[in-house]
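These are the residues of each chain, in order.
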Amino acid sequence: MNAGEPYSAYGPLRRKEDARFLRGRGTFVDDVQMPGMLHGAILRSPFAHARIVSVDPAAAQAHPKVRAVITGADLAGRGLAWMPTLSGDVQAVLATDKVRFQGQEVAFVVAEDRYSARDALELINVEYEPLPVVADARLALDRAAPVIRDDVPGRADNHIFDWAAGDAAATDAAFAAADVVVAQDMLYPRAHPAPLETCGAVADADEVTGKLTIWSTSQAPHAHRTLYSLFLGVPEHKIRVVSPDIGGGFGNKAPVYPGYVCAIVGSQLTGRPVKWVEDRSENLMSTAFARDYHMHGEIAAAADGTILALRVRVLADHGAFNGAAQPTKFPAGFFGLCTGSYDLRAAHCQVTGVYTNKAPGGVAYSCSFRVTEAVYLVERMVDLLAAELGADPAELRMKNLLRPEQFPHTTPTGWEYDSGDYATTLRLALDTAGYPQLRREQAQRRARGELMGIGISFFTEAVGAGPRKHMDILGLGMADGADLRVHPTGKAVLAVSCQSQGQGHETTFAQIVAQELGISPDDVEVVHGDTDRTPFGLGTYGSRSTPVSGAAAAMAARKVRERARIVAAAMLEAAAGDLEWVPGRWQVRGDPGQGKTLAEIAMAAHSSLDLPEGVAGHLDADTVYNPPNLTYPYGAYICVVDVDPGTGEVKVRRFVAVDDCGVRINPMIVAGQIHRGLADGLGMALMQAIAFDADGNCLGGSFMDYLLPTAVECPSWELRETVTPCPHHPIGAKGVGESATVGSPAAVVNAVMDALAPCGVKHADMPLTPANVWSAIQGVPLRTDLAFT
Amino acid sequence: MQITVTVNGAPVTREVEPRLLLIHFLRDDLGLTGSHWGCDTSNCGACVVWLDEIPVKSCTVLAAMADGHRVRTVEGMAARGSLDPVQQGFAQCHGLQCGFCTPGMMLTARWLLDHNPDPSPQQIREALSGQVCRCTGYENIVRSVLWAARHEKAGRDGGAAEGAG
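So the sequence lines, in the order shown, correspond to chains A and B.
The opening position of the first sequence corresponds to residue 1 in the numbering used here, with each subsequent residue numbered one higher.
The opening position of the second sequence corresponds to residue 790 in the numbering used here, with each subsequent residue numbered one higher.
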């Protein structure tokens with residue numbers, strides 16, 4: 001910091017957590033070793049739908065290294081065969097009546113070592129009676145479709161929910177008055193978050209103390225603790241959930257999985273700690289997927305390009321158990337954001353959720369609860385409208401974007417966007433990309449028969465759930481706590497409920513506190529991921545850490561500052577009202593020489609100094625932050641692709657991303673998060689999809705089949721920023737962790753469709769693999785989510 | 790069976806099952822948990838270690854195959870307490886987030902720089918293309934390796950590396 005500049009703890013500070021990771025000294029769940037620890041493994045169903053005739057564990061039990069074999073019947077005897085999901089449905093921990101998706105959990109073996117546990121799985125004899133399978137959501141509501149969830153007496157179909165938002169009549173009227181209407185079916189294929197570390201747990205049920213400790217890959221340790229308590233009947237104060245270093249989450253580690261429960265029961269049965277870590281196939285085949293939305297969009301406009309209205313119908317595939325993660329009142333998540341960033345007169349969207357014989361889930365894969373699907377839909381529809389009108393997609397967007405004076409803006413589906421200057425952001429993206437030059441180059445290349453495409457997307461995200469009045473998960477309101485302790489020497493320890501999976505909370509949150517207290521981030525230690533050491537909160541997903549826990553940290557620090565004022569006043573024998581705060585110090589207004597640093601004040605607060613009546617000493621403070629609204633980060637993305645007309649291969653040549661996430665605490669970390677999301681979006685657009693065959697066999701069960709982008713598929717990302725502070729957040733920040741995942745797939749797909757325009761292609765579904773693109777060029781688009789169409 | 794493997798310069802002898810994977814030998818038998826297991830199918834590279842002087846995916850190497858050979862893991866990257874320039878580059882350029890792929894990425898990057906001290910960004914991307922990172926979008930990993938290359942060159946040229954990043 002140079003003299004004269006205001007103090008700032010914000011900036012591209014190198015990360016505190018790197019020191020351990022660079023030396024291989026992180027502690028991930030599979031790194032946890034305990035004396036006497038046993039290893040668990042899960043036997044899984046080879047069938048997508050089958051009645052279980054019998055399960056015979058005798059041979060496995062006889063294996064010399066096996067300590068326990070747990071079946072569905074064993075769990076049923078304990079009342080634990082079914083557990084609650086995050087959506088208030090139930091999910092089988094171990095199947096009792098039938099299996100409902102391929103890879104479903106059937107039995108659990110506990111053995112002395114990993115390899116023996118796997119060996120013993122081969123010794124369990126299960127007799128199945130295969131049943132007809134529903135692998136295609138579009139067939140789930142047919143009268144002839146088998147009822148998947150007949151565990152619920154009286155259930156006669158595979159329907160889960162209907163949800164709608166907006167004004168249907170006003171939307172119909174707007175469509176009736178429109179000059180142009182464009183409609184399109186599109187699929188957002190099932191994807192899997194696939195964090196590089198799979199899910200796992202080490203459970204230690206201490207028979208003597210009654211304490212149950214669970215180290216697990218959890219994005220929401222406190223919510224998991226409450227769930228375990230309610231479900232297992234273990235008193236909550238006797239449960240400690242520790243989420244140590246997490247090797248990526250992206251929504252995949254929000255739910256509680258059967259394996260965690262099995263590890264707990266295994267430990268209770270054997271009296272020894274039990275480790276269970278799934279392999280990659282188990283992760284891809286059984287843990288929470290994302291997307292799988294069959295969407296039909298219609299957009300209405302006037303002849304001059306003024307967008308009037310949007311109408312959307314969605315068929316949502318939730319798999320065999322409704323394990324979707326989102327606030328209770330929002331069964332389709334925040335899909336209502338499908339009106340995007342535009343000034344519409346009316347909109348109506350309707351989502352129907354169905355069961356299929358596929359793995360459960362429906363988590364936010366690096367997006368705030370279905371906003372990725374919503375943004376993809378509207379941004380494709382706007383491009384299709386541009387094509388219909390013969391308009392430039394950039395100009396069409398510019399014409400219809402919400403204007404700064406319209407904020408706060410209530411959308412036709414009821415969301416209150418807090419702030420934005422959209423046109424400035426889009427203009428910066430266009431300038432950065434050199435948009436007119438790119439269009440000229442494209443014209444020249446087209447004349448030579450080359451397929452070059454330029455794709456634009458503009459997105460608005462809604463992140464940072466609560467407010468708790470409207471948003472809860474299983475009845476737990478989405479407000480988060482922060483505890484801030486200031487030691488006598490002025491060093492601080494912040495404890496927060498959110499849990500980093502790589503986002504760098506130990507650095508960013510130290511910067512937040514340091515900024516408020518005028519001290520160095522080095523003097524702030526951040527504690528997280530241990531329910532015994534941190535205050536309650538709903539955890540990290542939906543980009544909620546900075547919007548919620550970050551706000552809590554800032555508010556706790558401001559409380560500390562006010563406590564310090566009272567102590568400083570006593571030290572200086574001045575009235576508290578006569579003191580002014582300069583970073584790190586309270587001083588007498590008009591007499592800067594008379595002041596005390598935070599460290600001096602902290603020591604005095606712990607001393608025998610005579611304090612005013614009612615002030616007990618110490619500076620520690622805690623708070624619970626209940627957000628008044630979500631935060632609404634946004635951005636403009638431009639993707640440039642070249643498509644090989646012979647092979648259909650797409651090469652992303654450039655990608656420009658301009659993000660506005662309000663105030664950036666650590667711009668280095670923010671940029672890293674955006675890089676990640678851009679790679680994610682490229683992956684979903686071009687290669688990532690979990691497909692199934694007609695028998696419900698998962699065709700994306702390994703990294704050989706479920707393709708993830710590597711360094712050679714990714715371009716060098718070009719990032720720019722605008723800053724529109726969030727008006728209701730204590731430090732003006734908005735969430736950013738998932739913005740790029742939300743915004744980028746549409747930019748890539750729009751670019752490819754733009755490239756294919758000379759071939760007469762208007763739409764092809766993701767992933768735009770070479771085969772899919774080549775087929776589209778030939779005029780025969782493929783369905784890539786199903787192998788049998 | 791009994792195997793003797795020189796791990797990060799120190800010979801270790803253990804009785805192992807013939808089917809034991811090298812990654813599990815390192816992690817479970819030796820407690821070197823810096824190398825990670827991510828996919829089973831040699832696609833992700835979280836388990837990359839050096840076998841003699843070559844990066845290998847230790848999830849598809851048997852511990853028995855390392856008998857009589859040298860293995861280098863992330864725990865052996867820092868020399869006499871000071872971080873390898875590749876490790877420094879990852880810290881300087883925010884080349885890691887969750888840290889799970891990082892050991893494998895760094896070991897491959899170290900191998901690359903030993904064989905090509907001045908790689909282009911494209912050569913770095915190709916060298917790392919057998920490995921997956923889910924957090925960084927690779928941008929800062931490439932920058933990290935470039936940082937290391939630049940600082941090693943400065944070191945070789947006798948110039949001061951400080952401030953060149």
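In short, the hints are calculated from the structure, not lab data.
Please note that the accuracy of each hint is not assured.
Claimed, not checked - Computed, partial: chain A to chain B, Cβ under 7 Å: (1) Asp31; (2) Gly672; (3) Leu708; (4) Thr710; (5) Trp717.
To be verified - Computed beta-carbon distance windows for the label pairs: (6) Ala73/A - Gly870/B: 40 to 48 Å; (7) Pro583/A - Gly870/B: 29 to 37 Å; (8) His763/A - Ala943/B: 45 to 53 Å; (9) Arg14/A - Asp907/B: 19 to 27 Å.
Predicted model, so just to flag it, every value in this text is computed and none were measured.
We put the beta carbon where it would ideally sit given N, CA and C, even for glycine.
- Item | When the least beta-carbon distance from Thr710/A to chain B is tested against 7 Å, hint result | It holds, given that the least Cβ distance between Thr710/A and chain B is near 5 Å, below 7 Å.
- Message: Using the nearest Cβ pair, does Gly672/A come within less than 7 Å of chain B?
- Response: Cβ of Gly672/A sits 5 Å from chain B, so the hint holds.
- Message: Quick check on Leu708/A please, does its C-beta sit within 7 Å of some C-beta on chain B?
- Response: Holds: closest Cβ of chain B sits about 5 Å from Leu708/A, inside 7 Å.
- Regarding the hint that Trp717/A lies at the interface with chain B, is the smallest CB-CB distance below 7 Å? This hint holds: Trp717/A lies near chain B, its Cβ roughly 5 Å from the closest one there, short of 7 Å.
- Query: Has the hinted range 45 to 53 Å been met by the Cβ atoms of His763/A and Ala943/B?
  - Reply: At roughly 52 Å between Cβ atoms, Ala943/B and His763/A fall inside 45 to 53 Å, so the hint holds.
- Message: A range of 40 to 48 Å was offered for this pair. Does it hold for the Cβ distance of Ala73/A and Gly870/B?
- Response: 56 Å, violated
- Message: Range first: 29 to 37 Å. Now tell me if the beta carbons of Pro583/A and Gly870/B are that far apart.
- Response: 35 Å, holds
- Task: Take the C-beta atom of Arg14/A and the C-beta atom of Asp907/B, compute their distance, and say whether it sits inside 19 to 27 Å.
- Result: 25 Å, holds
- Query: With 7 Å as the cut and Cβ atoms as the points, is Asp31/A at the interface with chain B?
  - Reply: The hint holds - Asp31/A has a Cβ within 7 Å of chain B, the shortest such distance being about 4 Å.
Against the hints set out earlier in the document, a violation occurs for number 6 only.
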